[in-house]
Each structure stands twice: as C-alpha cells, then as structure tokens.
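The listed protein sequences correspond, in order, to chains W and A.
Numbering of the first sequence is given in the UniProt record's numbering, commencing with residue 1 and proceeding in unit increments.
Numbering of the second sequence is given in the UniProt record's numbering, commencing with residue 1 and proceeding in unit increments.
Because the hints were derived from the structure by calculation, they are not lab data.
Among these hints, one or two may not hold up.
The following label-pair restraints were derived from C-beta to C-beta distances [as the list claims (entries may be wrong)]:
1. His-387(A) to Pro-615(W): 24 to 32 angstroms
2. Lys-565(W) to Gly-18(A): 43 to 51 angstroms
3. Ser-5(A) to Lys-453(W): 29 to 37 angstroms
4. Gln-580(W) to Arg-270(A): 23 to 31 angstroms
5. Ala-21(A) to Thr-255(W): 53 to 61 angstroms
6. Leu-375(A) to Glu-582(W): 27 to 35 angstroms
7. Cys-553(W) to Ser-228(A): 37 to 45 angstroms
8. Leu-180(A) to Arg-279(W): 23 to 31 angstroms
The calculated DMTMM-like cross-link candidates involving lysine to aspartate or glutamate, where the alpha carbons are at most 25 angstroms apart (straight line), are [to be verified]:
9. Lys-565(W) to Glu-176(A)
10. Lys-225(A) to Asp-576(W)
11. Lys-247(A) to Glu-582(W)
12. Lys-453(W) to Asp-345(A)
13. Lys-252(A) to Glu-582(W)
14. Lys-565(W) to Asp-3(A)
15. Lys-216(A) to Asp-576(W)
16. Lys-223(A) to Glu-582(W)
17. Lys-223(A) to Glu-276(W)
18. Lys-332(A) to Glu-497(W)
19. Lys-252(A) to Glu-276(W)
20. Lys-168(A) to Asp-339(A)
Sample of chain A residues with no beta-carbon within 12 angstroms of chain W, all distances over it, derived [to be verified]:
21. Arg-270
22. Pro-306
23. Leu-401
For each residue, glycine too, the CB sits at the ideal point set by N, CA and C.
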Amino acid sequence: MDLRRPNRPVIGPKVRQVGFVTPDSAAATSSSSIPAVSAAAATSAGSPPSSLSPVMIPPPRHPSTEMSNPHFHPVGSYNPSEQILGSPPALSPSRSSRFDADGSDFGGDDDESVALSGVGGGMTPKSSLLMRQPVTKTAPLVSETRKRDSNVSKGKGEGPSAAPKEKLTKAERRATQEAQRAAKAAAKEAAAAGGAPSVSKQPKPATKPATQQKKDVPSGSGPLQPLAPSGSIEKKQGKKEVAAPHPRMQFDDMTKVGKLKKRAVVNQSEARNRVELFRHLPQYEHGTQLPDLESKFFQLDLIHPSVYQVGLQFLSDKISGGNARCIAMLLAFKEVIQDYTTPPEKTLTRDLGAKVGSCVSFLIECRPLSVSMGNAIRFLKNRISSLPHNLSDKEAKSRLQSDIDRFINEKIIIASKAIVEHGVSKIRDGDVLLTYGSPSVVESIFAYAHGIKKNFRVVVVDSRPKHEGQGLLRRLVERGIHCTYTHLNAVSYVMHEVTRVFLGASSVLSNGTVYSRVGTACVAMVAHAFRVPVLVCCEAYKFHERVQLDSICSNELGDPDAISKVSGWKDLNYLDGWAQNENIQLLNLKYDATPSDYVSVLVTEQGMLPPTSVPVIIREYGIERLWT
Amino acid sequence: MPDVSDFILKLQRRRIEGSHATARQTAELLRSVVSQTRMPYTNQAASLLDAVRAVGEQLIAANPVELAVGNIVRRVLHIIREEDLSSSAVSFEGLMISEKSDDEDDADQKGGPVLSAAAVAAAARSTLRPRSLQTLLEDGPLPAAPSKSSSAGDSEGKSKSDKSAVGKRLKHSVIEAINLLIEEIDDCYEDISEQAVEHIHQNEVILTLGRSKTVKEFLYAAKQKNRSFRVFVAEGAPRYQGHVLAKELIQKGLETTVITDSAIFAMISRVNMVIVGAHAIMANGGVIAPVGMNMLALAAQRHAVPFVVVAGSHKLCPLYPHNPEVLLNELKSPSDLIDFGEFSDCMDFGAHGGAPLMHVVNPTFDYVPPNLVSLFITDTGGHNAAHMYKLIADYYSADDLVIKRKSTSSN
Numbered sequence: 001m002d003l004r005r006p007n008r009p010v011i012g013p014k015v016r017q018v019g020f021v022t023p024d025s026a027a028a029t030s031s032s033s034i035p036a037v038s039a040a041a042a043t044s045a046g047s048p049p050s051s052l053s054p055v056m057i058p059p060p061r062h063p064s065t066e067m068s069n070p071h072f073h074p075v076g077s078y079n080p081s082e083q084i085l086g087s088p089p090a091l092s093p094s095r096s097s098r099f100d101a102d103g104s105d106f107g108g109d110d111d112e113s114v115a116l117s118g119v120g121g122g123m124t125p126k127s128s129l130l131m132r133q134p135v136t137k138t139a140p141l142v143s144e145t146r147k148r149d150s151n152v153s154k155g156k157g158e159g160p161s162a163a164p165k166e167k168l169t170k171a172e173r174r175a176t177q178e179a180q181r182a183a184k185a186a187a188k189e190a191a192a193a194g195g196a197p198s199v200s201k202q203p204k205p206a207t208k209p210a211t212q213q214k215k216d217v218p219s220g221s222g223p224l225q226p227l228a229p230s231g232s233i234e235k236k237q238g239k240k241e242v243a244a245p246h247p248r249m250q251f252d253d254m255t256k257v258g259k260l261k262k263r264a265v266v267n268q269s270e271a272r273n274r275v276e277l278f279r280h281l282p283q284y285e286h287g288t289q290l291p292d293l294e295s296k297f298f299q300l301d302l303i304h305p306s307v308y309q310v311g312l313q314f315l316s317d318k319i320s321g322g323n324a325r326c327i328a329m330l331l332a333f334k335e336v337i338q339d340y341t342t343p344p345e346k347t348l349t350r351d352l353g354a355k356v357g358s359c360v361s362f363l364i365e366c367r368p369l370s371v372s373m374g375n376a377i378r379f380l381k382n383r384i385s386s387l388p389h390n391l392s393d394k395e396a397k398s399r400l401q402s403d404i405d406r407f408i409n410e411k412i413i414i415a416s417k418a419i420v421e422h423g424v425s426k427i428r429d430g431d432v433l434l435t436y437g438s439p440s441v442v443e444s445i446f447a448y449a450h451g452i453k454k455n456f457r458v459v460v461v462d463s464r465p466k467h468e469g470q471g472l473l474r475r476l477v478e479r480g481i482h483c484t485y486t487h488l489n490a491v492s493y494v495m496h497e498v499t500r501v502f503l504g505a506s507s508v509l510s511n512g513t514v515y516s517r518v519g520t521a522c523v524a525m526v527a528h529a530f531r532v533p534v535l536v537c538c539e540a541y542k543f544h545e546r547v548q549l550d551s552i553c554s555n556e557l558g559d560p561d562a563i564s565k566v567s568g569w570k571d572l573n574y575l576d577g578w579a580q581n582e583n584i585q586l587l588n589l590k591y592d593a594t595p596s597d598y599v600s601v602l603v604t605e606q607g608m609l610p611p612t613s614v615p616v617i618i619r620e621y622g623i624e625r626l627w628t
Numbered sequence: 001m002p003d004v005s006d007f008i009l010k011l012q013r014r015r016i017e018g019s020h021a022t023a024r025q026t027a028e029l030l031r032s033v034v035s036q037t038r039m040p041y042t043n044q045a046a047s048l049l050d051a052v053r054a055v056g057e058q059l060i061a062a063n064p065v066e067l068a069v070g071n072i073v074r075r076v077l078h079i080i081r082e083e084d085l086s087s088s089a090v091s092f093e094g095l096m097i098s099e100k101s102d103d104e105d106d107a108d109q110k111g112g113p114v115l116s117a118a119a120v121a122a123a124a125r126s127t128l129r130p131r132s133l134q135t136l137l138e139d140g141p142l143p144a145a146p147s148k149s150s151s152a153g154d155s156e157g158k159s160k161s162d163k164s165a166v167g168k169r170l171k172h173s174v175i176e177a178i179n180l181l182i183e184e185i186d187d188c189y190e191d192i193s194e195q196a197v198e199h200i201h202q203n204e205v206i207l208t209l210g211r212s213k214t215v216k217e218f219l220y221a222a223k224q225k226n227r228s229f230r231v232f233v234a235e236g237a238p239r240y241q242g243h244v245l246a247k248e249l250i251q252k253g254l255e256t257t258v259i260t261d262s263a264i265f266a267m268i269s270r271v272n273m274v275i276v277g278a279h280a281i282m283a284n285g286g287v288i289a290p291v292g293m294n295m296l297a298l299a300a301q302r303h304a305v306p307f308v309v310v311a312g313s314h315k316l317c318p319l320y321p322h323n324p325e326v327l328l329n330e331l332k333s334p335s336d337l338i339d340f341g342e343f344s345d346c347m348d349f350g351a352h353g354g355a356p357l358m359h360v361v362n363p364t365f366d367y368v369p370p371n372l373v374s375l376f377i378t379d380t381g382g383h384n385a386a387h388m389y390k391l392i393a394d395y396y397s398a399d400d401l402v403i404k405r406k407s408t409s410s411n
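Looking at chain W on its own, in the form it has when it is part of the complex:
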C-alpha cells in the first residue's frame, strides 16, 4: 500500500503475537535468538519452573525464584548494567570504588562485597569492549548473591522468598512481632519522655521525634506512601486492601505550604508568573538554591553526605530517569545505613526509620519523588521496621544493605533484563521502531536486538527542552544501529513508516494510565491514529495503586527559564525578560498521562500484559510482595 513501508520478508506463519505469549513460542524465540552458550547454560540450569514464562499468573511465585534464572543473562555484546544506569553515570567511579572499599571494610561479609562489586562495576563508565568481561562475570555473581541471600534468610525463617506454606508462620511471626514491638514502644515512650527535650531542641527537621517525622513524609512526598515505622504498620497491612492511597500534598493549601516551608532545608524561592492551573504543584526558581545549598554543606550535619550529593544531583538534573534516580538514592541510603550507629537509648528500627525519613524529605525538597523512588522507600522502610529486635547493629545493617542490593538487582537490573527478553521477541527483521526521549529499558532492548543481529531501524523522536533523545541517538549510532532523528511535531510524518512504538514509563497507574515523560502521550496518540502498536516497557516496581485521568492533577513543573532559552537558536530571544510581564507564563511540564487505550501492550518482567491488567498485578500478584 505504502511504498515507504519496506516489504518485510515473511518469516513464518502469520501468527499474531500480541498479549500473552505462550511459553512455547517464547522458548523458541529465546533459544533461537540467544547464542548457544546461554542456551546450554539454560539447559544446565535445567529445572522447568525456572524457564521463563512470559505470563506468570498462577502460581504466585516470588520474583527471585523467577529472576535468578541464568537464562536471563544475555551473553552478547549487550551490556546490561551500563544500559540500565542510563546516560549519566549515576555515580562517579571514585564513588563506586569507595563503595567497594566500604563493603570490604565491612567485616568480611562475602555476600556484601560481591554484590557491591557487581553494582559498582556497572556504575563505572567504561567502553563497551572493556565492559563485556565484567558484565558476564557480574551476572552469575548477582544470582549467586541472591541464592546465598535467600539461603541465609530462609535459615533465619523470614526471608523474602516466603513460600506459600510459610505464610501461616509469617502471620504468627507478625503477631509476636507486634506484641514485642508494642512492649518496646511503650518502654521507648517512657524513655523518650526523658530524652526528647534535649533532642528536639535542635532546629533541624531530622531530629524531630519519629512520630512527627512520620507525618512529614507523606505530606510532602507526592507519590509515596511510606509505612509508619512502628506498630501501626500491622494495622495498615491489615486493612491495606481497602485503604486508598494517601492524598498528595496540594501546594495551593497555604497552611500546609507554610508548615512545609518552616521545616524546609532547601530554601527555594517561588517562581514568578505561575500558571493558574498548576497552583497545586510546587514550582521554584531553578538554580538559585544550588550555591546556597552547597555553602550549607557543613551545617547540615544531619543529612548524610551521600544523600546530600544525590540530592544536589537531582536538583541540578545530573541524574534523571526513574531507574537511575532510584538506584542513586538506594545507594546513598546504603551508605547512610553503613555509617549509622544506633544512638543510646534508641532502637535501630525506629531511629533508622526516622533517619531515612529525614533523608527522604531532603530529597523531596530537591525534587519530588518519582513513583519508583517512592516504592523503593516503601520497601526500605518496610524492611527496617520488620527487622527482628534481637539483632545486633552490625547484623541488622548488613541485612538491610543486602536487602537494598537485592532490590536493585531484582527489581531493576534483572527486571530490565526480563523486559529486554520480552521486548526483543516483538522485534522482527525489517521493523522500524520508534521511541521517544531516552528510556533506558528501551535502549537496552534496541541494543540487545542489535546484538543478536536483528535487522531493524530506529526512529528517535525528541523534544524540547531537555533533548534527551540526542543522547540516545548518539549511543545507538555508536552501536551501529541505523537511526532517524526528528522532533516531536514531525511524529505524524515519520509514523507512516513505523511498525512498532517502544515507550518508557515513569510509572504505570492502577487504571492503566501510563505516567511518563511529557510528550509520550502525543506519540502514543499519533501511533494509535496510525494503527501502529504501542509497547510500553516498565518494570513492575514502578506500578502504583493510584489512579489518574489527566496530566494536570499530579505532575511536576520544571524550570520555566528552560523554555525561554532555545538552544541552537541564537536569534530566538523573544522571551528574554519574560518574568517582568505578568501577562505571560511559561509552563514546563515534566510528565503526562497516556490513556490506557493508546497502549497496546505493557512489557514488564511479569510478562506482556494489556494495560487493564495493571490492577491485577498490583492487587493480586504482588506489589505487596515487593515490600517484604
């Protein structure tokens, strides 16, 4: 019909592979696509349940059993950890080496140092040739770590890999824990009555008593709904099936904003000429607070330097992208835990929870949390609060750190690999794939597909003001993938020749809405109008039980000055000094909500799902499992 659409050689019988893919076909594609080495590895791994089934509805298994499959680790030139960590190296090499040092300092714990070197190796930006070896090494190590990890936790009887039969014991355990905790809390209260005044004298928010901190975090946090560190968690878990997500902070509520300002560390000045429609979102003048914060470095003794560093990186947009931000934050928290010592007359579970909470509120002040970060924080707090009380500090800390590593590996790195595996199965020879912005998972899909010699072309669509697509374009071209680059407005021009659209997501909400980089909805809409399938790639840890219908109720506002300055157009300075005129406002939205009917399929590590299945994944299969 259309001459511009290249004729694709017919590969096999025309079977439409949308939605659920049967295990057979998945196995067939994977065995055909992956070099013999990995196939052999897969067979040696051997056990039928460990073979990847794209849809894992019944029986509910723990992701770790699923993910620890060596089958997941591709051998080709594809370089997973570099991919996942996205464009900017999340941390400097020196930092990651510091991690290593820390890990080895930390009392000869084998698990720990191994996992650390795995992650740290991924962080250091090296050329792909150099990286190949470390990565192939890393992958087994990671799985090994997890195995040991699970062994350890099973031995202690409260591991993450809670088999169904353990559920009863879990409930029992919970009951005993609650009793213990109630007793301890009571004791603490009594102790705190004496100790509190001296602590609360200090002006910084971090020192506020835990109960107040507990209130702080949800009010400012946006997406996350942290679980309370102490006894109330049990209650919450009991009724969590019915509990609606906590309402988010509305920034047009003056009293609340006043409260928030009082305890803010980052003194941000409100941007001028606010858009009326977005009064409920925070908008600050960009860049002004950066030098201020830097000068305050030595006064903010309560914020751990690594959190501080990550916060500044968020603030200056050095780290962006859901996965990269989440990993950076978790690694910072790991350092916090590393350097933590329980103060006298306090318990680790409560005090560390409060400490993490204060770090989180600092990060929120730097930039509102993404859903992925919110979920990660929820996980961490849950882990902290469910630590048994009889553990020594050292033990508890090492356990938490390994939990964090496990989260990063399972929920982000290995999940991405699973998504890559699924996504590649939807790329045929001769395809023209379109992507928007610079989603890290989609980039690894392309890289992997190219690595297994699929013949395809990529259209990179980009938009102002961040031009993230240029980075993606550069990386893809360096890999030798044929690319076409264009801007968002021309998307309906290029859509004629496109056969698949791969998009990333910041979060997938319970009604199937895909909350993602602004402009994603436009691309999905045009693809829908041109009858091109839209595949949204998103790790399941980014799912959230919230619902959203439009992009206005919840969003994030960027720096308005970024709009007035057009890079590359020296003569385009019509909007200089716009802030003087009160009639003009510049709106720099960061996210938008793609309605679920534009999404053909959602590629997650749980399989390929229709967007209507998101609540099923959230409610029935396991977001809760994520937190334990």
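Here the structure of chain W is known, so what remains is to put chain A in place on it, guided by the hints.
Below, chain A alone, put in the same frame as chain W:
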C-alpha cells in the same frame, strides 16, 4: 522579464516564504505581466491567458509547496476570463443598441438587450465552470470555448478602432480586478477577525500552535471587544515561532502561557478551543499546516475540543491532495534540530558503506485530514470542511485546474 526571473529566483531560494507574502507578490507580478503584455487585435483574452499561464507555470515550478502562488495564478486566470466575458457582454449590448442588424451573432445574443451586463456576466460565469457531464464532453480540449467564440464573433462585427478600445478596456479591467485581489489579500485579516467575537467568549481558554498572523489578528479583535480570555501558545518546533506570537500577544495585554509542544496532550483537556492558522486549504477540506498540527488536531479530537482553522481566501487551493505528507511537504535543514558540531562524526558517509547511520528528518508541513477540522473561518465566513470544495469553486475556473495540474506534475 527581469521581474519574473528575479521572483522565481527568490522563490527557489526560499527567500520569500509564507502564503501571504508569496500571494501578494505573485499578484503584483502578474499585474505587471498583464500590463506589459502587448495586446493583439484578435483574441485578446486568450493571449492574456497564455501570457499569465506561461509565467504562472514557472512560478509554480519554482516552489511547488508554496500553494498560494498557484492559487493566485489561477485566480488571475479566472479574473481574465470573467472580465473578458463581461466586457464582451457590454460590447454586445452596445452593438445591439447601435446597429440592430448583426446577423452572424444573432443566435448568441437573442436575449442581449434585455439582460444587464451583470446578468450576462453571471450567466457567463456559469458557463465558465461547466458542471454537467454534457458540457464537459462538448467542451473538449479547448480551454475557453465560449469566451473564444464570443470574442471571435466580437472581432468580426466590429471596426478596428472599436476593437483596440475594447482591448484596452479588457486589460484595464483585468488590472483593476487584480488590484482588488491584492486588496483582498491584504484585508483578509480584517474580514476574518471581524468574526472573532462570534467565536470567542468570556473566560475562554484557547490553544494555538506556532505563529500565524491571521490567528494573531483574530485574537486581537476579540480582545478589542473586551473579551478576556486566556491563550496557550505551543511554541512550534523547530522554529519556535510561538515565542514571537506570545510576545505579540502580551503586548496587547492578553494572558498568555507558553507551553512546549510535548505538553499539548496534557493541556488540551483544559482548552475550550483550538484556533490555528494554515498554510493552505485543499479542495477536500484537508489542511496543509505547519508541522505538528496533525498531532494537535488528533489531541483536540480526542478531547472533543473544536479545531478551528482561520485562513484568508488566498490559501484556498483548488487541488485535491494525494499523499500530501510527502508530496506537499518540504524537508528543511537538519541544523534546526541538531548541532552539526556535536553529531558530525555520526554523519560520516565513509564509515558504513557510503550511507550514514543517522538521518535527520525535519519536515515543514503537516497534513490535517478534513475529518479532524471542526470549522474553517475565511473572509467569507465560517464553513464546514465538507463545503470547502464549493467555496473554492467560486474562486477558480475548472479549466485552469487541469492546466496547472499538468504543470505541477511536470516538476
């Protein structure tokens, strides 16, 4: 003619862009062409038509995407035909009154004395646009059969001095009509913006993309009538003319918000009406518009927001589009999108078998299909997309379409 070659060069080098500028300059050029044409004694209208057509072909070939040029050429051709008809009708009338014994043209002018010149012109106009199959078949290949026969009859029945007077009159009236056309092109903004108050009411939120003078005047006019409303301006990559429009709007005290193009879908749910300009309106009601418009129209359709296109009549194109995204489009330099310095190594032709791995696509126009457009507002009022072909037929004669289509296909 030096003027012509100069203008062609400008069109080819894209020195003149934008439908208003090109339309106006084309009309001025054709006026000078008409005035410089030496009028023969016989068949004056045909010679004028030929002269204009010859120049017009070159102009259209110089920049085929600038549809306004072709529109104006066709308009001028149409004017010549009409003026010829009406002048011949006047001369017939004069003939009938002065000498009542003209046997040869008898059949043609039976009703002549009773008809006024205007009525004859109206009747002739209908013959200019043959609609029925029969007239199509009878007409055959000759483009202007009725006018030719009438002018031939005219020439036979008249003395030489009379003829030169008629010729001068024809030329004169054609030039007059072209002047009117130029005036119309200049005044279209006023006619369109007069209708603004009918469409924009208090507290409305209006979204527009890029920069269009017609839209600007439309919004100004509503503001002058003391309507207070809010305007969202999408900046319109890759040229970001939306910034210019925003600056112009705030000078008139309009509340303006500049949004990125990517935020269109996010914001359109809070918008009451989308008002945009166009590059050209095709005969099927489709719109050739600055790039990004199709996306905006789709978003508007999704949220049931009226999508209104304002355009002067010089943008009405009598052609039907075929594959307009490709054939009626123009790809601009990649330097609008990327920095050559940064990506020069990716554009290496030597590295990968002669073709670079990277391509940059930077189209200028977008095609908005007619079903996405809620309303057209031209200087003659509001119109439905399905009605555009009829409106367009008022401005052009069917014979010119065929000729021009050949010429456009030849380049």
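Next on the checklist: I want to verify a distance hint. Is the separation of the beta carbons of Lys-565(W) and Gly-18(A) within 43 to 51 angstroms?
Outcome noted: Since Lys-565(W) and Gly-18(A) have Cβ atoms about 26 angstroms apart, the given range 43 to 51 angstroms is violated.
Next on the checklist: For the hint 37 to 45 angstroms, verify it against the beta carbon of Cys-553(W) and that of Ser-228(A).
Outcome noted: Given a distance of about 26 angstroms, which is not inside 37 to 45 angstroms, the answer is violated.
Item to check | Proposed proximity, Glu-582(W) with Lys-252(A) (alpha carbon, max 25 angstroms) | outcome: holds, 12 angstroms
Item to check | Restraint status (C-alpha distance of Lys-216(A) to Asp-576(W) at most 25 angstroms) | outcome: Holds, because 20 angstroms separates the two Cα atoms, which is no more than 25 angstroms.
Item to check | 25 angstroms limit on alpha-carbon distance, applied to hinted pair Lys-252(A) and Glu-276(W) | outcome: Holds: Lys-252(A) and Glu-276(W) sit about 20 angstroms apart, inside 25 angstroms.
Checklist entry - Keeping to a limit of 25 angstroms between CA atoms, is the pair of Lys-453(W) and Asp-345(A) held or broken? => result holds, 23 angstroms
Checklist entry - Is Lys-565(W) within 25 angstroms of Glu-176(A), Cα to Cα? => result At roughly 48 angstroms apart (the allowed maximum being 25 angstroms), Glu-176(A) and Lys-565(W) break the hint.
Item to check | Least C-beta distance from Arg-270(A) to chain W larger than 12 angstroms | outcome: It is violated; Arg-270(A) is separated from chain W by about 6 angstroms at its closest Cβ, not greater than 12 angstroms.
Item to check | Non-interface claim for Leu-401(A) versus chain W (Cβ beyond 12 angstroms) | outcome: At roughly 26 angstroms from the nearest Cβ of chain W, Leu-401(A) sits farther out than 12 angstroms, so the non-interface label holds.
Checklist entry - Between Lys-223(A) and Glu-276(W), is the straight-line Cα distance small enough, at 25 angstroms or below? => result Holds, at about 20 angstroms.
Checklist entry - Within 23 to 31 angstroms or not, the Cβ separation of Gln-580(W) and Arg-270(A)? => result Holds, at about 26 angstroms.
Item to check | Hint consistency between Lys-247(A) and Glu-582(W) [alpha-carbon to alpha-carbon, up to 25 angstroms] | outcome: holds, 12 angstroms
Hint violations for this structure: numbers 1, 2, 3, 7, 8, 9, 10, 14, 20 and 21, all remaining hints satisfied.
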